Every structure is written in C-alpha cells, then in structure tokens.
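Visitor: Hey, can you work out the whole structure from these sequences and the hints?
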Amino acid sequence: MEQAELRQWERKCVQEEVPQCVAACPLHVDARTFCSLMAQRRWDKAWQVLAKTLPLPGVLARLCDGPCKAACVRKEAGGSIEMDRLERFCAETAKPVAPPQPLPKRGKSVAVVGDGLTALCATWEMARRGFDVTLHCSVPGGLLPALPEGVLERELENLVKLGAAIEDGVDLTVEAIDELMDENDAVFVDGEFWTAHLSEVGEPDALTLGTQRVGLFAGPKGETSAVLLAAAGRRAANSVERFTQGVSMVTGRELEGPYETRLYTSLAKVESVPPVVVDGMYTEENGRDEAGRCLQCECMECVKHCEYLKHYKFYPKVYARQIYNNESIVMGTRQANSMINSCMLCGLCETLCPEDFSMADVCLEARRTMVESDTMPPSAHEFALRDMAFANGEKCVLARHAPGLDQSEYLFFPGCQLTASNPDSVQAAYADLRKQLGSVGLLLHCCGAPAEWSGRQALMDETVSDLRKEWEALGGPKIIAACPTCLKTLHEYLPDAEVVSHWAILRALGLPTDTARDCGSMAINDPCAARHNAMLREDVRALLEQVGVIVEEPEMTGETAQCCGYGGLLSEANPELGRAVAERRAAEMAEDWVTYCVMCRDMIAKTGKRAVHIYDLLYPQDVDAGARPSPGYSLRRENRSHLRERLLAELWQENGALAVEPYESIAVSFTAEASVLMEERRILKSDVQKVFLNMQKSRRRFVSRENGHFLTSFRPVVVTYWVEFSEQGEGYLVHNVWSHRMKVREVLS
Amino acid sequence: MSVIKVPEADAAGWKCATCDEELVSRPVELEYLDSLFNVELPTCPKCGMVLIPENLALGKMNQVEHLLEDK
Amino acid sequence: MRSTVPLWEKPVLRQAAGETLRPGGFRLTDRAAEVMGLVPGCRVLDVGSGLGATVGRLRSRFGVEAYGVESSGQQILRAGSQSGLVQAQGDSLPFQAESFSAIFCECVFSLFSDPRAGLREFLRVLEPGGYLALSDLYSQDAWTSEISSCAGRAIPFSETREMVESQGFAVCLVEDHTAYLKELAAKLVFAGDEDGQACGCRRRLGYYLMIAQKKGSQDV
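Chains as they are written, first to last, in this note's numbering: chain A, 1 to 749; chain B, 1 to 71; chain C, 1 to 220.
What the hints contain is simulated information worked out from the structure, not anything from laboratory work. For clarity, every value in this text was computed on a predicted model and none was experimentally measured.
Covered by chain C, per the in silico footprint, the following chain A stretches (three or more residues, Cβ under 8 angstroms):
#1 208–221
#2 246–258
Part of the chain A face toward chain C, derived, beta carbon under 10 angstroms:
#3 E200
#4 V201
#5 G202
#6 E203
#7 P204
#8 D205
#9 S239
#10 R242
#11 F243
FRET-style restraints, in silico, Cβ to Cβ:
#12 K46/B to E372/A: 43 to 49 angstroms
#13 E203/A to S158/C: 37 to 43 angstroms
#14 E706/A to E40/B: 20 to 26 angstroms
Note that CB positions come from ideal geometry on N, CA and C, so glycine has one too.
Guide: Dropping the structure here:
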C-alpha cells in the first residue's frame with residue numbers, strides 16, 4: 001500500500017469525523033461529550049466542557065440560541081436535543097470555574113470598541129491569546145439582554161483576570177477610532193458601532209472581518225444570534241492574530257465557522273423519544289433525561305454488523321493504518337498479519353459504509369503483497385491450499401462428456417465442496433440434468449477461489465489455466481455451476497465462457513421428481529458470494545417457493561447478508577474467530593437454515609444448529625438432512641475421491657481406481673477424543689496412515705510406562721505428525737495426535 | 001550457540017520402545033524458516049530418537065513458529 | 001453600428017460583472033493573492049484599478065497596504081473617496097523603484113498601447129522576488145484587429161508569455177480560466193447588451209491567469 005492509497009482509505013472511514021452538532025456550532029462546542037456528562041449527572045465536568053470553549057461562559061450559556069439543534073441527528077427521532085435548555089440548566093447548577101490560563105503576553109496591543117456581545121467575546125478571545133486588549137465601551141455588555149443578578153459582573157471580572165482592561169463611559173466617535181488606530185496594532189469595532197459611524201470603511205470582509213482601513217476590523221451588523229455574535233468575536237481574534245503576526249489572512253480558515261461533517265449516524269434502531277419540555281428551568285431529572293436522549297453520534301456501521309471488525313476493537317480507518325504500518329515491519333506483527341488473514345472478503349462493510357470503505361480490497365491487496373514479498377505466514381493457508389491441490393489432483397478431477405456422447409452442450413460444475421460434503425446429491429443432480437438436458441458433461445475441479453483468497457495470484461492463474469484446458473478440451477460448453485463462489489469466480493476468470501447457475505436451469509425446467517415438499521418455515525442464508533447477484537438470489541427463492549418452503553428473511557439478507565465464516569478462508573486461518581462468526585449467524589434465527597452454498601451449510605451445522613443445503617430438498621438422500629453433521633477433513637477427501645471412482649464405474653464403466661498408495665491400506669481407527677482432535681488440529685487420516693507406514697519401515701517408537709500406549713512420528717513434507725496409539729489386530733487404534741512445523745535436524749553431542 | 005532448557009520438555013512417562021532405554025536430556029538442533037535453535041530435549045541415548053511431547057509442540061514450539069512467521 | 005464607448009465604461013458591464021469589471025470577479029484575485037502568499041505588511045499595486053474594487057478586496061481580505069492606478073479619470077471619480085487611488089498610465093507609474101512586493105494587472109494588459117513599456121515599469125517598481133499577477137483575454141487565433149475594446153486587442157497567449165519572460169520575469173504559474181469568460185458573456189446577454197455579442201463571440205477568445213516573478217530574487 002502506498003501512502004497516497006492509505007490516505008484515501010483513511011479518508012473514506014468517517015468514524016473520526018466530528019458529530020453534526022459540533023460542526024454546526026459556530027464555536028464548535030463539544031456538545032456530544034457535554035451531553036454524555038450531563039446524562040451521568042456530572043454537572044461540574046459538563047460545565048468545564050462548555051467553559052473550555054465558550055467566551056464568557058456564564059453569559060453565553062444563558063444566551064445561546066442553539067443552532068446545533070437544526071443539525072442534530074435526533075431531530076428525526078423525536079426532536080433535537082434541547083441544547084440551549086441544557087446549557088442554561090448547567091450554568092445554574094454547576095460550580096463556576098476560573099477562566100483559562102491566558103498565553104504569555106506577546107507585546108501587541110488591540111483596542112476593541114462597542115457595547116455588544118461581539119465586542120465582549122472578541123476581548124475575551126484576544127486576552128486569552130496574550131494580546132494587550134482594552135475594551136472601550138459606554139457600558140460593557142450594555143447591549144446584552146437581561147441576565148440573572150451577578151452573572152455579567154462575574155464574567156467581566158474573569159475578563160479582567162484574563163488580562164484585559166475595560167474602559168467604560170467612553171464617548172465612541174469616529175475621531176476616537178482614528179486615535180485608537182494610531183495607538184494600537186489593531187482595532188476591532190462591534191457591528192452595532194460601525195453601522196452608526198463607519199460606513200466609509202465598507203462592509204467587513206466575510207472571511208476576515210477586515211475593512212478598507214487596513215488594521216481596522218469590524219463585526220457583522222444586524223446579527224441577532226448570540227452564538228454567531230460570539231463566533232464573530234472569535235473570528236476577529238483570529239484575524240487580529242494573523243494580522244499582527246504578518247501571516248496569511250486567508251489560508252486554513254475553512255473550519256472557523258459552521259461547516260459540513262461527513263460523520264454518518266444511522267437511525268435504524270433508534271426509538272423516537274420526544275424532548276423534555278417544561279416551563280421554566282429544568283430540574284436535575286429533566287437535565288439527565290434530556291441529555292440521555294443524545295445519540296452520542298458515531299458511525300461504526302460496518303463494525304456493528306461484522307464480528308471480525310468488532311473483534312479487533314477499532315474501526316476501518318485505524319485498521320488501514322495498522323495494515324500500512326505492518327508492511328514496513330520486516331515480517332509483520334502477529335496481530336496485524338492475523339487481522340489481514342481474518343477478513344472474510346465478503347463485501348458487507350463496503351455495502352453498509354456511507355463512503356464504501358472496503359476491508360476486502362485492503363486485506364486482499366495486503367495478502368498479495370505479503371505473498372510477493374515472501375512474508376505470508378505459511379501456517380495461515382497451507383492446509384486449505386493442500387486441500388485445493390488434492391481436489392485438483394488425479395484422485396478427484398474428472399472431465400467427461402455425458403455417457404455415450406462425444407460432445408457437450410452443457411457442463412455440470414458442482415465445485416469442490418459439494419462433492420466433499422454431499423457427494424450423493426451431486427450424483428443425483430448430475431443424473432437429473434442429463435435427464436432434462438441430455439448432453440451435459442461433468443467437470444469435477446476446484447474453481448481456484450482458495451488461491452485467490454490467500455493472495456496467491458500466480459497459483460490462481462495456474463489453477464484457472466488447468467481448468468480452462470479441461471473446459472476447452474470438452475468443447476467450451478455452457479457451464480452449469482452449483483456453487484455461488486464458483487459462479488462468481490468463473491464469471492471473472494473465464495469471461496468467454498457462458499456460466500449459468502443450476503438454480504436458473506431448474507427454474508426454467510422444473511423441479512426434480514423426488515423433491516421434498518412443504519418443508520415449513522426456514523430461514524434463508526444468502527452466501528456472501530451472492531451479495532451482488534440479485535438474479536441468483538431470486539432464482540433460489542422462486543425454487544424454494546415451488547418446493548413449499550416458507551422463506552423467512554433474516555435482518556441481514558440479500559445485499560447485506562453476513563458471511564458464515566468460511567469466506568476469505570477465515571475459518572482456516574483463524575478457526576476461533578471463524579467459529580464465533582458462524583455462531584453469531586446461526587443464532588440469528590429460530591428456524592432451521594436453508595442455504596445454497598454447502599460451506600455455509602456446514603459452518604452453521606458445526607455450531608449445532610440445523611441447516612440444509614437446497615440440494616437436500618431437491619435431491620434428498622438423508623432422512624434428516626438438517627441434523628447431518630459436517631463431514632470432517634479426512635472424510636471430505638474420501639468423499640471426493642470415492643465419488644470420482646463411483647461415477648467412472650457406474651456411468652462410464654471405467655475402472656477409476658488409481659494405484660493404491662501403500663499407506664492407504666493401513667487399517668486405522670480412532671477414539672472419539674482422537675477424532676475431535678484430528679479435526680481441531682487439522683490432521684488427516686492419510687497423514688496418520690503415512691506415519692504408520694513410516695513406522696513399519698523404521699520400527700522406531702516410544703512406549704508409555706503408564707498405559708502401554710505407543711508414540712511415533714513422521715514428517716511427510718513440511719509438518720511433523722505425532723501419533724499415540726495402541727495396536728489393534730492388524731491395524732491401530734489412535735488415542736491422540738499432534739503436529740508441529742519445526743524440524744528436528746540433529747542431536748548434538 | 002547456547003543450549004536452551006525447557007521445563008515442558010520432559011519425558012512424561014515415555015521411553016524408547018525400540019531400544020528399551022529411558023530418555024535423557026540432550027541438546028537438539030531445531031530449525032524453522034531459516035532460524036536454528038539448540039534445545040535440550042528427551043532423547044534416546046542409544047538410537048538418538050528425539051521426543052517432542054504434546055504440551056511442548058502445542059505450546060512453546062507453536063508460539064515460536066508463529067513468532068518466526070510474523071514478528 | 002458599434003458603440004464608441006469602450007466596453008469597460010458601459011453600465012451594462014458593471015451590472016453583469018458586478019463591482020469588478022472582469023471575468024471571475026474576485027475569484028482570480030483571491031487565487032493569485034494566495035499563490036503569491038500575500039500577508040499583512042506587503043505593499044501591493046493594482047494597475048488599472050477601475051472603481052477600486054480590487055484595492056478594497058486586497059485591503060479587507062488580505063490586510064495588505066494596497067494602492068491603485070487608473071488611467072480613466074471618470075473611473076477615479078466614480079471610485080469616490082477611497083484613498084490610495086491615483087490617476088496614471090500603466091506604463092508610467094508614479095512610484096519609486098522596488099516599492100511593491102506584488103502587482104495586479106487584471107483584464108487590462110491587452111489595452112496597453114506599449115505593453116513592453118508597461119512590463120518595464122512593473123519590473124522597476126517591484127522588489128526583487130516580487131510577483132506580477134496578470135490576468136487577461138488571449139486570442140485562440142493569430143488574427144488581431146484595431147478595435148479598441150479589450151476583445152479586439154487580445155493576442156495569442158504565447159506572445160504575451162514571451163513578452164513577459166523577455167522583460168525579466170520568470171513565469172511561475174499559468175492557468176486557463178476561459179470558463180469565467182463564458183460566464184461573463186452569458187451574464188451580459190441577460191443584462192441586455194446588444195453589443196455584448198462582441199465580447200468574444202466573433203473570435204475565439206480565452207482567459208488566462210499568469211503569475212510571474214521578478215528575476216534575480218532571493219528565493220529561487
């Protein structure tokens with residue numbers, strides 16, 4: 001990732017943008033924090049938030065007209081937060097605070113002229129910045145509306161504490177201004193004053209409040225909003241500061257007044273609650289309740305709906321930077337590498353984000369970079385890629401025209417997981433397609449998605465190239481794909497092929513004869529590969545309706561479907577998080593799930609929730625498909641290779657048996673505990689058989705003094721497997737298995 | 001390179017069945033991703049077969065492997 | 001029959017263009033001022049100051065000490081009591097050498113009878129490293145005519161640029177703002193000027209902003 005790219009990604013994520021109220025407030029008071037503290041009854045702390053920003057806080061908090069209310073997101077959910085009432089209540093209730101510590105004197109003098117609020121605020125702001133400022137007025141704050149006893153006096157005292165001087169009873173004339181211009185580095189006149197006296201200097205500039213007389217600044221005239229008058233005072237102070245420093249009067253002033261913010265806050269689950277309105281002043285309960293209505297605006301749309309984004313505790317803007325920083329660390333950190341490899345690449349965040357932030361784009365690019373620079377941790381995807389290699393190996397690959405035919409109009413492409421998980425239904429589906437369409441060939445092959453997801457583009461290209469050879473050798477027929485991921489991948493990587501879903505075909509041709517009927521209510525799980533394929537989703541729903549399923553849509557469905565946890569190889573790279581994702585999805589609905597990706601089906605089934613693949617309804621094999629457990633890794637491999645052999649034998653009368661590897665003839669069984677460990681630790685039956693074969697040759701093993709079990713190990717390629725077992729007749733009973741990648745080179749000494 | 005002693009590397013009741021010998025602690029060279037380590041591991045004094053017990057393989061060894069893969 | 005009153009004196013132009021008699025209004029003035037980095041304390045000259053709008057803008061927005069020279073006595077009168085405006089020709093400036101850090105010459109350079117003399121004067125009164133902001137019409141054809149309104153005097157941009165460079169300036173920035181010209185022409189149509197068609201319709205005209213720096217300066 002280049003730095004320019006990082007900035008683009010960071011900019012897309014709006015989580016750190018200011019809330020609407022802060023942006024709309026001409027003084028940018030942190031109303032969100034203020035409300036949070038008020039809701040906790042922490043009146044003093046809340047007052048400090050106001051006093052930090054407001055000039056003459058005791059006065060302004062009582063006069064503020066709350067322009068933030070027009071921008072408040074709560075407006076659409078009952079009514080804006082009554083910020084002005086909360087400010088008044090807080091001003092009455094909280095302990096007053098001392099004015100802020102002013103900056104050191106800078107040796108520049110400013111005269112402020114006028115009886116209005118702008119003059120007072122300009123004086124305050126300039127005194128804060130270390131200017132020698134004198135307020136020239138007839139009555140300080142003389143034009144202000146009535147305030148409770150002592151309030152103005154206290155703030156005028158604070159003004160003096162800040163270092164300002166007040167000269168009252170002054171007769172304000174044009175000549176007086178000339179004198180002040182001579183004696184000071186800059187002069188600011190209140191809007192009320194210059195209307196009457198200074199029309200020759202022209203309208204003050206909207207951005208700088210400067211006039212035709214350089215060094216003389218003037219406030220806006222006819223302004224009635226208290227907070228806008230105060231903001232003008234602050235703007236004047238900013239201008240005077242720039243002027244006396246001799247720096248640009250204009251650059252970087254976009255955020256001085258109210259501005260637009262990109263922060264997006266969803267009102268989706270927010271209940272409408274009306275504001276607390278009473279006659280007179282709020283009570284403590286009123287204040288707490290009204291402040292409690294504040295939504296504490298933030299975005300977090302993607303994080304709210306993704307277990308993966310939630311898991312790493314932040315949000316995409318932070319993640320993008322973490323991933324960027326990770327690239328400059330030699331091997332990457334465990335945390336960041338794991339985060340990069342845990343994204344399901346499912347596209348949900350991009351769909352929900354108001355600015356289309358795509359974690360998938362960031363993470364897939366990062367994976368590719370890691371693979372290219374040889375810093376991808378081998379353990380992340382190796383097992384999955386070995387499985388793909390097996391599915392594309394001689395034991396599993398099958399490419400044939402329909403029995404008795406020498407050309408194919410169609411080609412059935414079930415994908416590598418359906419054959420692994422539900423081989424009998426694949427056989428039935430193929431038979432059904434041949435019955436309906438006649439010249440339908442068969443291609444058993446993986447589409448290559450695991451290679452793409454793991455960032456291995458070269459391997460992906462190689463896989464697709466092999467696939468293309470098989471497809472072309474069969475005459476380039478129309479491909480009927482059953483798996484949504486295969487559909488998506490084939491569309492992208494075989495653009496010259498016509499690819500159609502099995503569901504579209506069935507919708508056109510009618511349901512198979514053995515279809516189950518009237519299955520009751522089921523929750524539909526759209527696989528993430530179907531996110532942008534509305535036609536596919538519709539075809540499936542139409543079929544389910546024909547089958548008699550009452551389809552219940554989860555809240556996150558269709559375009560906003562949540563991934564089951566297998567996407568992007570999450571469950572392979574980060575099994576714990578994958579399981580958490582699957583559990584969250586499974587628990588979303590009370591009904592049994594129906595889906596059209598067999599990995600979704602198995603991920604949900606593994607959590608203990610009942611789930612069926614649509615093939616279970618169309619080509620039923622089991623009595624109770626919903627309860628069928630997800631096949632383990634070893635069984636998946638056996639299913640694929642047995643399916644190939646069976647089809648070759650039954651349909652093409654060929655003996656597909658390949659030379660039996662010596663290790664395959666070793667008889668081995670597993671205790672219940674051992675079976676569970678095999679799955680968890682991703683150790684295959686064939687791995688164990690290889691260990692035993694090696695032991696038969698080497699005769700090397702340990703024995704346990706306690707229980708008489710034996711222990712042996714073998715390293716076929718890059719992983720060493722350890723097997724604890726007992727001898728059982730001709731074969732072995734396995735009690736325990738573990739593995740490691742580290743290699744024993746030699747014993748020293 | 002100095003030898004690392006690891007408490008988890010104990011024989012845990014295993015002995016060499018081939019040689020009928022108790023296992024003794026010997027320095028063993030381990031390798032992963034171009035990094036080498038000398039660790040004392042239970043070894044058969046006669047045939048040199050090295051034991052990597054379960055808790056070591058799944059514990060410290062796994063941690064080191066990840067450390068070398070990432071940072 | 002074409003009117004003999006120059007375009008810039010006509011009330012309709014004032015109505016269409018606002019107080020500034022040129023395309024883009026203050027947008028190009030502001031752009032130039034920001035690019036040149038004008039700050040309070042700078043002394044700036046507006047050549048062809050018209051009603052003094054640019055001078056006013058430079059003072060109130062940028063806080064600089066701004067002066068204007070204008071050859072038309074009528075315009076000076078209309079500018080009223082604004083201080084710092086002097087009646088003078090652009091090629092004979094009543095100021096000492098090296099007394100300005102920046103010169104603005106907006107939509108007026110093509111009216112100079114001796115543009116090279118004008119540039120020499122600009123160079124004289126500019127401090128070393130001082131900036132010249134030149135914005136004006138340019139011709140997209142090679143043909144010129146004798147008509148005295150600004151549209152008639154426009155020449156190809158490359159010729160202007162060559163002239164500026166040959167008189168001792170280094171060109172720092174060139175931008176095409178023909179869009180503003182079209183905007184002004186449209187406004188003129190709305191303002192009901194029958195001759196408004198002459199402001200750019202018969203010939204292909206564009207509008208440029210050029211910022212050049214007096215060579216031999218401290219900053220490169």
